[in-house]
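All chains should be built: construct the whole structure from the sequences, respecting the hints.
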Amino acid sequence: MQRTLHIGCILLALTGGFFAAQMTDFSQQGHRPADLGDYCTLSTISCQQHNVTMTMADDHVQPLVATLIHIDWPDTAAETLLLSMQGLEMEMGEVRFKLQRNQQGIFTADIVLPVCTAGDMTWLGTLTDGRQTVYPAIRMQR
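Numbering (my numbering) for the sequence shown: 432 to 573.
Just to be clear, a hint being listed does not mean it is correct.
[Said to hold, decoys possible] Pair by pair, the computed Cβ-Cβ distance ranges are:
(1) Leu519 x Leu495: 16 to 24 Å
(2) Gln572 x Arg434: 55 to 63 Å
(3) Leu513 x Gln433: 44 to 52 Å
(4) Glu522 x Gly561: 21 to 29 Å
(5) Gln433 x Gln572: 54 to 62 Å
(6) Leu467 x Pro505: 56 to 64 Å
(7) Ile438 x Gly524: 43 to 51 Å
(8) Ile438 x His481: 49 to 57 Å
Treat the hints as calculated values from the structure; they're not laboratory data. Don't be surprised by glycine CBs; every beta carbon is placed ideally from N, CA and C.
Structure below.
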């Protein structure tokens, strides 16, 4: 009886560990828009969300190639912004970038996204000044 209980506890712990990542992802989905249309897709054409204007030096990024992004966030006192990106079509983990305010008041950073096996991929992000969050998306092509 004690052995059966011991084995049952081990199986329960293994099962919980297996599903922990999915439960964490599910709980965090409430903080992100549900629809891709709610994201601001960055390109050479400015995209605006909640009075934040976002632009990228190129229309698409390439894996392991630095691409400059510009963020005009006039209503913030922050000196840095935090950009977190995750892959939509493929789980690639999370990449984070810190954007610094320049002398003109624009936040910039060179971002480098990792290589994936797909030819095209969408990266969904959260960009925050610590008080407000906007949602950029980046298209990556090889």
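Okay, the hints, checked on the actual structure:
1. Leu519 x Leu495: 16 to 24 Å: Given about 19 Å between the Cβ atoms, the range holds.
2. Gln572 x Arg434: 55 to 63 Å: holds, 56 Å
3. Leu513 x Gln433: 44 to 52 Å: holds, 50 Å
4. Glu522 x Gly561: 21 to 29 Å: For Gly561 against Glu522, whose Cβ atoms are near 27 Å apart, the range 21 to 29 Å holds.
5. Gln433 x Gln572: 54 to 62 Å: Holds, since Gln433 and Gln572 (Cβ atoms, about 59 Å apart) stay within the stated range.
6. Leu467 x Pro505: 56 to 64 Å: Given about 26 Å between the Cβ atoms, the range is violated.
7. Ile438 x Gly524: 43 to 51 Å: With a Cβ separation near 33 Å, Ile438 and Gly524 fall outside 43 to 51 Å, so the hint is violated.
8. Ile438 x His481: 49 to 57 Å: Check passed, 53 Å falls within 49 to 57 Å.
The earlier numbered hints that this structure contradicts are 6, 7.
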